[in-house]
Amino acid sequence: MATFSISSRTTPHHRLHRFAVFLIDSWEARIGGVILLVFVIMTVFGSVLAPYSPIEIAVGLPNEGMSTAHWLGTDVLGRDTFSRILCGARSIIIVPLVATMLAFVLGGIFGIASGYLGGRFDAVGSRLLEILLALPPLLVVLVVIASFGTSSTVIIISVMLVYSPRVARVLRGAALGVATKEYIQAAQARGERRLPILLRELLPNISSVVLVEFAVRLTYAIIFVATLNFLGLGVQPPSPNWGAMLFESRVTIITNPIATIAPTIAISTLAVAIGLLADAASRRFGLDDTSEIVR
Amino acid sequence: MTPALTVHNLTVGYLDRVNTTEVNVVVRDVSFDLHSGRLLGLAGESGSGKSTAALAAIGYKAPGSVLISGRSQLGDVDLLTTSVPDLRNIWGGQVAYVAQDASQSLSPLMRVERLLAEPLRLHLGLRGPALRKRTLALLEGVGITDPESALRRFPYQFSGGQQQRIALAVAMACEPRVLILDEPTTGLDVTTQAQIAKLIDRLVKDSGTAAILISHDLALLGTICDEMAIMYAGEIVEQAPALANKVAPRHPYTAALLDAVPRVDERGLVVGIPGLPATTAVNNCCAFAPRCRFTTDTCRAHHPELSDYGQGHTVRCLRSAELGALSSQRHPPVASVLGSNANTLLEIQGLVCSYRDSHSPPVVDDVDIRIGGSEIVALVGESGSGKSTALRAIAGLHRPDAGEIIYDGVPLAAQVTKRPRTQHRDIQLIFQDPHASLNPRHTVASIIDRPMSILFPERSASDRRERVYDLLDQVRLDARIAARYPHQLSGGQKQRVAIARAFAAEPRLLLCDEIVSALDVSVQASILELIAELTSQTGTAVLFVTHDLAVVRAIAERVYVMRSGVILEEGSTDSVFEHPEHQYTIDLLAAVPRLVVVSRD
Amino acid sequence: MAGIIKFGGSRLAFAVITLMAISVVTFLATNVVPADPARVALGKFATPAQIEAYNEQQGLEEPAVKRYVIWVGDAIRGDWGTSVLSKQQVTDMVGPRIGRSLILALAAMLLAIPIAFLLGVYTAQRIGRPSDLAISTVTLVVNSLPEFVVGIALIFVFAVQFGILPIESSGASMGSGISQIKAYLLPMFTLTIVLVPYITRMVRASVRDISSQPFVRSAALRGVPHRGLVWRHVVPNASLPVVNVIALTMAELIAGVVIIETVFSFPGIGQLLVSSVGSKDIPVVQIITLVIGLGFVVFNLLADLAVLALNPRLRSR
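Taken in order, these protein sequences are the chains called L, X and F. Under my numbering, the first residue of the first sequence carries the number 1, and numbering increases by one thereafter. Under my numbering, the first residue of the second sequence carries the number 1, and numbering increases by one thereafter. Under my numbering, the first residue of the third sequence carries the number 1, and numbering increases by one thereafter.
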């Protein structure tokens with residue numbers, strides 16, 4: 001009985017173990033994990049590893065093909081593509097990550113409160129959600145950018161705005177599913193207050209949904225922001241960004257294909273890696289994949 | 001006369017989920033004959049293999065199942081060696097199957113006409129007017145009024161009982177020689193259940209089909225079957241003709257099961273079977289040995305074969321010859337403790353409850369209930385009668401529209417959060433579904449400790465820890481369970497944890513919401529025993545909400561009968577059950593199947 | 001019948017509300033929230049005279065609500081104003097492009113839905129087998145890819161490597177018959193490839209769920225042959241959630257059209273929207289947003305009609 005402790009909540013050991021099993025168990029998670037690891041290393045050390053400055057013009061001839069000096073050639077302005085790819089990792093993740101986290105703060109709090117409290121708050125709240133969800137995200141973001149320009153702040157805020165109702169919807173559903181469980185009623189019946197019930201009984205039971213939804217949402221945010229960059233509406237030149245690199249080099253697709261192919265592969269690999277992880281996680285945690293995920 | 005279906009030495013396993021090279025045997029050496037116009041009852045608790053055996057017998061291979069051996073002879077065809085394409089010509093034609101829940105077993109997007117026409121087209125090639133005539137006749141045959149309009153409707157537009165009638169009509173469409181009925185009355189209200197049972201009886205007799213009726217309800221089987229077989233751990237342990245509702249058990253499991261079944265016509269507490277039901281077949285000992293009160297070393301070393309006692313009575317027990325017919329071990333009727341009724345603990349006056357968003361009439365309408373100091377009071381009603389809502393109002397989880405709930409002389413606040421801590425301690429609630437009432441993220445110890453840490457803040461952690469072990473002991477759970485999570489426990493164990501959690505608060509009034517209806521008979525009986533024992537030790541009063549009249553008879557001293565939000569009748573359990581006054585109570589009691597257990601053949 | 005009216009009515013009301021929400025968001029973002037909308041629209045180098053003229057044209061002295069009503073009224077009447085950039089009539093700029101975008105979207109949808117259904121039903125019956133694993137992995141990977149990546153990959157294969165299709169699609173507006181059709185093909189295939197995996201996954205999951213329902217086993221035990229089980233008992237029930245999913249992919253479709261038109265320089269409203277956003281041509285952005293919003297709402301209503309046709313419970317409630 002030495003191992004037994006009365007105050008043991010969800011033992012962290014227990015959950016870590018589950019996560020480890022999940023990573024080792026499925027090939028999707030393994031592949032996704034390895035790619036993501038490479039990507040994280042690029043984000044942290046990319047600028048140290050890069051052989052040239054990513055923004056310095058004419059480190060080589062313009063539109064040079066692959067060579068030992070420039071592994072992935074150079075772009076229209078003679079910048080080193082390999083260096084730009086290495087350094088671009090950070091910019092492709094920061095904006096979506098911040099936007100997704102903010103969307104989780106705003107949408108998450110609203111969604112969980114709505115699902116848990118129920119009643120009139122939820123009735124009005126879910127109507128509002130329904131309308132917000134009906135707005136096509138790209139349309140809204142484009143209109144905002146048209147008015148307020150393309151700074152990172154504008155993109156973060158607009159992506160947060162279109163994603164928070166989507167986060168709210170998923171977490172509301174999860175909270176609602178748990179809130180009607182009898183162990184919640186048992187806690188109410190012994191006179192417990194809302195906050196302790198929320199923290200002790202409800203949140204631990206929706207944590208896996210939160211985790212999976214975060215992964216899925218982040219994937220979509222990365223794609224979304226990369227798309228904006230590709231459309232020329234995101235990061236402004238000369239900062240290195242995979243989407244923006246595509247936007248700039250697309251005109252030379254026939255003469256200098258590698259300048260287009262390199263960022264295309266970089267974006268695809270990252271998106272697929274996170275997609276694989278999210279898919280494996282949602283199956284691991286037994287989430288229903290028919291529950292429609294709204295992009 | 002040759003049987004319509006002869007099943008011989010049927011053995012079926014399931015691939016192990018973890019180690020897929022292993023096979024767990026769930027049906028072993030099952031043999032039975034089905035005769036035309038006769039009904040064989042197949043009884044057993046969940047996991048006994050009864051459904052698997054019946055489905056395997058007609059050649060159906062469930063995903064992951066493996067047929068190990070056996071024959072199933074329909075005429076000169078062995079269904080077990082027939083290919084699936086050939087079986088499709090037999091299924092729905094010569095062999096029909098009716099599943100448990102008709103609302104789940106009829107394709108929801110097909111009109112009744114198409115559902116009925118499908119087997120008729122496939123197997124009899126009927127078309128046009130002949131087809132329509134036949135579908136109408138089938139619906140009439142199962143007692144659907146206005147079959148013309150019924151044909152045009154979808155299954156969901158019918159009540160549960162009518163849906164089961166339609167499912168029976170679909171099954172009988174091609175006049176099958178063999179009919180498999182898999183728990184066809186489970187989940188229906190008791191009066192509907194009686195009607196469906198009667199219909200099944202008539203259909204089998206009239207059509208001359210050979211039928212097998214699978215159920216966990218021994219009394220139901222006893223009343224309509226010609227023969228009964230009891231399964232345990234994948235084997236038939238006893239098979240006997242059922243004559244005039246009388247059964248004379250010779251196998252200790254059958255006897256124990258009969259002692260565990262509460263009966264409306266007999267006072268007294270049921271007896272649970274210790275331990276958990278085995279779900280896989282056992283090789284070198286008697287599968288029931290760990291739970292049997294007659295176990296000897298021989299039982300643990302040898303596997304019993306079926307022995308024949310004449311008149312079609314076979315028993316799989318090493319000691320059955322020496323033990324002879326077994327007598328009941330049921331507790332003698334408890335004399336109501338007089339005086340427990342005298343002081344009033346809880347009094348409800350004019351309680352009215354409704355749901356805010358519906359415009360329908362109140363679900364609880366002007367209800368008065370009184371509970372004495374240490375009395376066990378039952379509130380019985382069919383689904384939708386409002387009994388659970390009334391209970392939730394007492395617990396402070398549903399705000400009543402009107403009425404007073406007076407506890408110990410003081411009116412209770414409508415909302416549970418407005419009540420003082422002493423009342424939180426005093427009134428405890430246990431729920432129906434043990435899976436949903438324990439938080440999957442907490443250990444058993446943490447679950448039982450929680451009410452103490454909230455309601456007795458003055459207690460030290462070590463005091464509480466000691467108390468957790470006391471409580472586990474009181475609910476007959478091993479101390480090792482303390483460190484486990486709910487998903488590692490069986491349904492019965494979970495319900496014991498829920499009971500321990502309720503008693504951790506040292507309540508004076510226990511509110512039980514259908515707490516045994518999700519459990520198997522043997523487990524249900526031991527939970528009832530436990531509740532009776534704990535409450536008599538602690539003097540706790542109980543309000544026991546249930547739909548099961550037999551359970552009421554087993555445990556309650558007084559009973560309130562409720563329908564559509566209104567109390568129709570109340571009184572001492574004995575007087576209500578023996579001299580019911582309201583027509584509804586009379587009908588309910590008449591619908592419950594009764595079984596007479598005799599101790600001599 | 002009452003059910004149809006009730007359901008249809010509530011969906012119609014919701015469509016109107018959605019359209020209003022889109023117009024309000026557009027109006028707020030372009031006309032109310034910015035401190036100086038004229039400056040936003042005309043850029044840093046506009047002269048005070050230009051700004052005054054713009055303010056007058058837009059009626060910016062009036063209160064916001066009144067401006068909104070006037071603006072919506074003008075849009076409905078077809079008075080769409082003039083482009084800030086090209087001084088052209090917005091009607092002339094947007095009008096001819098609507099049809100081209102609509103054809104692109106419809107063709108892709110009509111191609112994607114049957115393909116996705118067949119793939120989904122096929123894989124759902126072979127869960128865990130090599131063919132299912134292969135198709136599921138491909139759909140998962142493609143589903144993760146951004147639209148523009150798919151577009152560029154197709155350009156690379158069909159235009160650069162094989163040279164059988166044009167590298168960009170401006171031919172859709174001017175070229176002759178064959179070249180016009182060719183201009184549509186790559187954007188259409190790209191859009192289809194983007195849509196198929198998502199719907200396929202939903203169909204597969206839905207068919208798999210329905211297949212394990214008790215009524216399917218009951219039907220099998222009635223002797224219904226495999227084909228009948230799949231197409232009579234499983235697929236109709238599995239389609240119900242899928243139609244809702246298809247309605248949800250409508251937003252996806254719009255994003256896809258906008259992005260893919262830009263990738264291929266396809267002369268539709270999506271490409272005009274992106275370039276107008278880049279050049280801050282506010283009147284054009286406003287109108288295109290409304291037009292796309294209207295299309296979105298209409299598509300959603302059609303999906304609702306399909307649900308209504310498929311689900312008897314909605315009809316008779």
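Please note that the accuracy of each hint is not assured.
[Unchecked claim] Take a look, some chain F residues computed to stay more than 10 Å from chain L by CB distance:
id	residue
1	V33
2	A46
3	A251
[What the hints assert, rightly or not] Computed Cβ-Cβ distance ranges for the label pairs, DEER-style:
id	chain 1	residue 1	chain 2	residue 2	range
4	F	I5	X	D78	53 to 61 Å
5	L	I157	X	P420	26 to 34 Å
6	X	G384	L	V34	51 to 59 Å
7	F	L294	L	L77	40 to 48 Å
8	X	T417	L	V124	18 to 26 Å
9	L	I57	F	I167	24 to 32 Å
10	F	G73	L	V76	43 to 51 Å
11	L	E130	F	I181	35 to 43 Å
12	L	E130	X	K61	44 to 52 Å
Keep in mind the hints are simulated off the structure, nothing from the lab. All residues carry an ideal CB built from backbone N, CA and C; glycine is no exception.
>> Between the beta carbons of I157 (chain L) and P420 (chain X), is the distance compatible with 26 to 34 Å?
In response: For I157 (chain L) and P420 (chain X) the Cβ distance comes to about 48 Å; the hint is violated.
>> Quick check for students: does the CB of V33 (chain F) sit more than 10 Å from each CB in chain L?
In response: It is violated; V33 (chain F) is separated from chain L by about 7 Å at its closest Cβ, not greater than 10 Å.
>> I want to verify a distance hint. Is the separation of the beta carbons of E130 (chain L) and I181 (chain F) within 35 to 43 Å?
In response: holds (40 Å)
>> Tell me if the beta carbons of E130 (chain L) and K61 (chain X) are separated by a distance inside 44 to 52 Å.
In response: holds (45 Å)
> Non-interface claim for A251 (chain F): all C-beta distances to chain L beyond 10 Å?
Replying inline: violated (4 Å)
> Do the Cβ positions of L294 (chain F) and L77 (chain L) conform to the proposed distance bound of 40 to 48 Å?
Replying inline: holds (42 Å)
> Cβ-Cβ distance between I5 (chain F) and D78 (chain X): within 53 to 61 Å?
Replying inline: 57 Å Cβ-Cβ, so the 53 to 61 Å window holds.
> Does A46 (chain F) really sit off the interface, with its C-beta more than 10 Å from all C-beta atoms of chain L?
Replying inline: holds (15 Å)
> Regarding T417 (chain X) and V124 (chain L), is the given constraint of 18 to 26 Å on their beta-carbon distance met?
Replying inline: holds (23 Å)
> Are G384 (chain X) and V34 (chain L) spaced within 51 to 59 Å by their CB atoms?
Replying inline: holds (56 Å)
>> For the hint 43 to 51 Å, verify it against the beta carbon of G73 (chain F) and that of V76 (chain L).
In response: Cβ of G73 (chain F) to Cβ of V76 (chain L): about 47 Å, so the range 43 to 51 Å holds.
>> Quick check: does the Cβ-Cβ distance between I57 (chain L) and I167 (chain F) fall within 24 to 32 Å?
In response: holds (27 Å)
Hints 1, 3 and 5 from the earlier list are contradicted by this structure; the remaining hints agree with it.
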